[in-house]
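Participant: What follows is each chain in one-letter form.
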Amino acid sequence: MNFDLSEEQLVIRDLALQIFTEQATVERVKEVEKSGGFDRDLWQQLANSGIQALCVPEEFGGSGFGAVELALALVGQGRNVAPVPLWLSGVTALALTDFGSPTQQATYLPGIASGETVASIALAEQGVNDVMRPTVVGSTSGGRVHIEGFKPAVPFAQHASLGLVPIDLDGSAQIALVDLRSTTGVALTPVATTNHEPQAHLELDIDIPVEAILGHGVGIDGREALRSLYEHSLVGLAALQVGVAEGSLALTATHLSGRTQFGKPLSAFQATTQRAADGYITAEAMRVTALNAAWRLSEGFDARRDVAVAAYWASEGAQQVVTAAQHLHGGIGADVEYPVHRYFLWGIQLASVLGSASAHLSRLGNLIART
Amino acid sequence: MNFDLSEEQLVIRDLALQIFTEQATVERVKEVEKSGGFDRDLWQQLANSGIQALCVPEEFGGSGFGAVELALALVGQGRNVAPVPLWLSGVTALALTDFGSPTQQATYLPGIASGETVASIALAEQGVNDVMRPTVVGSTSGGRVHIEGFKPAVPFAQHASLGLVPIDLDGSAQIALVDLRSTTGVALTPVATTNHEPQAHLELDIDIPVEAILGHGVGIDGREALRSLYEHSLVGLAALQVGVAEGSLALTATHLSGRTQFGKPLSAFQATTQRAADGYITAEAMRVTALNAAWRLSEGFDARRDVAVAAYWASEGAQQVVTAAQHLHGGIGADVEYPVHRYFLWGIQLASVLGSASAHLSRLGNLIART
Amino acid sequence: MHIGDTREEADYRAQARAWLEAHAPRKCDTHRADSVDHSRDLAGHVQACRDWQSVLFDHGWAGITWPEQFGGKGASAIQAAIFNEEMAQFDVAVGTFAVSIGMVGPTLIAHGSPEQQQKHLAPILKGEEVWCQLFSEPGSGSDLASLGTRAVRDGDDWVVNGQKVWTSLGQYADYAILLARTDGDRPKHAGITYFILDMKSPGIEVRPITQITGVQHFNETFLTDVRIPDSNVVGGANEGWKVAQTTLANERNFIGSGGSWSATDLVDLAQRRGCAADPHVRQRLAEAVSRQETLKYLGFRMRTAMSQKRMPGPEILALKLAFANHWRLSAETAIGILGADAMLWGDDAIEDNQWGHHLLSQFAIRIGGGTDEIQHNIIAERGLGLPREPTPDKNLPWRSLNRVG
Amino acid sequence: MHIGDTREEADYRAQARAWLEAHAPRKCDTHRADSVDHSRDLAGHVQACRDWQSVLFDHGWAGITWPEQFGGKGASAIQAAIFNEEMAQFDVAVGTFAVSIGMVGPTLIAHGSPEQQQKHLAPILKGEEVWCQLFSEPGSGSDLASLGTRAVRDGDDWVVNGQKVWTSLGQYADYAILLARTDGDRPKHAGITYFILDMKSPGIEVRPITQITGVQHFNETFLTDVRIPDSNVVGGANEGWKVAQTTLANERNFIGSGGSWSATDLVDLAQRRGCAADPHVRQRLAEAVSRQETLKYLGFRMRTAMSQKRMPGPEILALKLAFANHWRLSAETAIGILGADAMLWGDDAIEDNQWGHHLLSQFAIRIGGGTDEIQHNIIAERGLGLPREPTPDKNLPWRSLNRVG
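Chains as they are written, first to last, in the working numbering: chain W, 28 to 398; chain H, 28 to 398; chain V, 30 to 434; chain L, 30 to 434.
Simulated from the structure, these hints should not be mistaken for lab results. Be aware that a few hints might be false.
[Stated by the list, open to error] Here chain H is said to cover these stretches of chain L; the calculated rule only asks that three of the stretch's residues, wherever they fall, bring their Cβ under 8 Å from a Cβ of chain H:
#, segment
1, 219–226
2, 352–366
3, 395–401
4, 419–425
Heads up, the beta-carbon is just placed ideally off N, CA and C, and yes, glycines get one too.
Using the sequences and the accompanying hints, generate a full structural model.
Facilitator: Here it is in structure tokens:
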């Protein structure tokens, strides 16, 4: 039993944090926010330093790490609210590695490792959000698959070449690998979002070869692949939230130490410090549950309970922390010139992407009662 | 629109508070707690001063007031955690006045006014607690009613001569007026409770005349009578909780002002005062919602929403307040020689009698969605 | 005790409703003239408020509680509340006059000179004068009395230099109420003067602040050698703190007295989104209704006191805190109901983006008019009788204080 | 990172479980030897703890983390945790030795003289010595260092006078650890000495306190001219505060490391009561499991650090607070599940009254070992790097402090 990170993991964590801290400065993030919300320079930097290739197997130019190492990098990203789609490419790499056919792996993994391929995952559904029951429908006919349907607010879709699209294919769940740039019948409508992340509604009316279904020809269980994609996505988002919570608390500590009221620093008022301390406790709960879920996924264990717990804390806990941090900043928090608001916006937007705390509790409740 | 109490109401409130404050001293309550939990001297005092007769019509020796005035008296009781069954006799008087036959009124109301009759109400049911669907079953046959069943933890039943027992009589809800002392087939088993209130399990296997069914011969709607009994009971308990919250906050304020730590009174630490202030806000929410519900009942308006809201606050809010008060007393709160623990025990016990906050929210939720 | 309308009140309500039906459009579900989202056309919103205020005035519905001598109706706080309850069901814009009518008016009525009253009160009611409040400073925050903007006497004028912040609608305001330090040798509360400032005076620069919501409701205001005639002092030189208390109490009441939505909107939202039957959602809806009921009755109690010309008790402080809490929790519930759609913003947002804006604007409610923390302190003191927090700097000269900014 | 058992750990766990199966009864649902309800037979419980400790010692399972030279096994914190996890599934009584083994042992190992170690450590492990803690005083509370019990040197002895409170199991203790003031002219932290006190010494009066639960776990202890030989000083005269830190840190760890129940018990309760399918109840159960998971992994992290001989980080403080919170919320959930039956008490109570006792004993968890408020302060300081709260009395002579009692 050992909760310590390995030497390699420490190196990855520190490297990622260093890149994000150096590149994603407040000024830079502000600039990117105004010009589309995707920091391509940082993206390239992450490729150059090997962070993009973390979860790509060595034979395709990566270093073959898993969910834990990806989570460590994402914590560093969240801490600096850096506008890049790292969780999407990391989770996509893991899905291709675990479920892709050799051809699919050879087609996409090198590009992910080099940063050339930007991947997107279309998890959200309209209405009741049950990822495991896609509403986008596909039907096979003579080596081709026809896919029709709508996926709302797909993150970074307008920048992505590869889209992972969960579909109901002839009655069973599968993941389609869709070239979002050059497939006829792909319609993308960019939408504005709370935290300025680029997203687009995705309308599909396409014909693709059956070879574009994840794992085609190698006999995978599509439902398992979709569950794995979903669970890795939740854990990636949870790791981002850990960083977001950390970052907002760090800014809060600075603010409370520096701001003077009634002749004393704000930190001399227990009403502020007790609230900040509660945030710390919540952030630690988020951290240990996210790392545990990542570890169980990386070991290939059944992680349904662990992922539900991590997702619950990442949704509920992060909102508590960023709301407290924003409030403790007083008036200055309302001014977009000051960086703390960005953590608030990220915290609530990621919570929306994760799904409500209540939904994760319900899933967990079903697992508990079943056991 | 006027939230002020009338002159008469102010007199009633002040009189009740004075009696409870003078008679139910900490020493006296402690003594009564050890010897059965019913302060008969105080009970007589309340009769002598007319508090028992508040809700008895004038023709039966009372003053004909309603739910608001009863609530005001109960707030004073709760504030002093005085061990007498006032809510039971007050709600019983209102039920007899609104639904009783002339004979029933003449039989019971004078005794309630004089304090001679101690009344009890057997609301609780075993298992899922739906007051409106009694599990105790009655059947009519030739002018007699046979009643069989079990009512758990009936408050003050071992001291009561009159018991109001909701039953399912030939398929419809009714309230039986049972002489708990001299009816053959009444078995009472006293049970210990958290706050030392005397309660008894009630086992019934009795034959009573149909004239003992509330409103016999005057054509009442038994379901309406039961709903009214339940709603008045909830509002009475909510008023008690307002007093309990008030009393526990008053002790807390005294403690925080008097206790010194690190060279300063506890009240100089915001961690304590902010928490106490939250208690004050909650207590005010309890107060206005309880008074509103009492007023609507007294005016004969549909009060289902109002009662559900008051009951929610009385259950959830009171537990928050007494838990905070108990915690803020630190170690001293754990010592039964110090009075604050009594407010904690009352607060949680009354919340159990009221029913869970969640159950009241569910009821309210159904009303909201229906409208 | 009479919690519903009396017969007279019911008549008044019917009269108000009839007039509103004739003069204002009903609210529809998803768009509100008075929505919090003015990121796209704030100037248009201000104009709409001016227009509606003028309609109110012309038909005798402006300044309901103001004395008749100042153009008001001399009616009770309860009548005003009834009118506002009815008006809340119509799609009209009123927010711009929160400062003018809600704070400046009552302050001038209580402390203004006859000339000041004469000059400003009627135009305010008519919707001709929009006012802003120049109180907060970057360095002062909750410790408002530590403010450092200086006003120095020069002949018949005062010359003002300093920086203010959180100036609501400063870019559209005709006048401002201004607090400035006029004697730095006295303790901080005792050297402040309350001024009326014409916002067209030379030396005023207003810079909008873009808020987290994208709206530019607030501004920074820079004052450089701005001249104010001495006749614009309200309540006497160095007496400004007392005058400001009237303004601040009215600000708290205003914030605590409700928003542009209610728990019913939340129920409607859940029904439109098809999740009102979900037991978890329904529980949250019931909680929202329960909270709203407490606000309603705390408000009744406050207005009862005001109508009897009594000072409201500490419940008025509970009201603002409970309201802020209700606002936050309700917005969070709405966001939960919207799910992933809650991320959408601006023109792409659904439900006119009102719930996203509510979530983001919770902080203005919780900070403006006294932070949650300050309100708790006051409640501990006035509601529970706890000793006041020690204020060691209370009697020291302002100049000697450990200030920032 | 390896969150599950390693192969060696799994072997150790299997070995522990096998031994426990052979020597201890399994827990049943509704009765626990180690339940919190000892209102009826506390003396019997203390004896059961002595007996079980002796069994543990005889079979080599006592003092798992203690060095072998002191009779321990020299194993890691993780092995101890594994044994405790397994033991938690059996119906054995252990609470009485919380002070002796959990706090006194580690303190004597770190600071005791060879004679003190020789005399006490083995008897403690064997279950022969029950210890209590004479630290708190009625007037000191969270400000422990302000304590006023005096010890004055007299020849080879110290003579102690004063009053202590919250003495766990004082009425059954053989020995006590005692903090007393030995120099009132120094600042409060610098004039305290840490003593070993034989509870059979003349001049000690122990008066049980009846708690809200009806249990008499705690006592007041009055010390009148009690003589302690100088050889019983631990760590040197006036050096007691430092020694006490070891004791207090172990107390916090002990409290934060878990209770006699888990979230699973709550799930079982709901299933027994037939309400596990109720969506509201199920949500509360899921929350309880989510909280418990955080405690589990925070605990892993703490034990990882301890096994590497590193000081655990501030997460150890988070652990105690999160645990106290979990305790309260879980007890409230259980009470909600029990409904009206939750009122029943003592012999009439159901489910062995364990949940009622949990609800009422939450305060001991939240106050003992440092109050929630103090823990928050320490987290703000060590976890977030906020400046320490000013302690103006830190360097003043103890005699000059504004103390009570």
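Participant: Next step is simple, just say for each hint if it's right about the structure.
Facilitator: Here's how the hints hold up against the structure:
Residue count for the segment 219–226 of chain L with a Cβ under 8 Å from a Cβ of chain H: 0. That is fewer than the three needed, and the coverage hint is violated. Coverage of the segment 352–366 of chain L by chain H holds in this model, with 4 residues showing a Cβ closer than 8 Å to a Cβ of that chain against a need of three. Residues of the segment 395–401 of chain L lying with their CB closer than 8 Å to a CB of chain H number 4, which satisfies the three-residue condition for coverage. Chain H is given as covering the segment 419–425 of chain L, and this holds because 3 residues of the stretch bring a CB closer than 8 Å to a CB of that chain, at least three being needed.
Of the hints listed earlier, the one the structure fails to meet is number 1.
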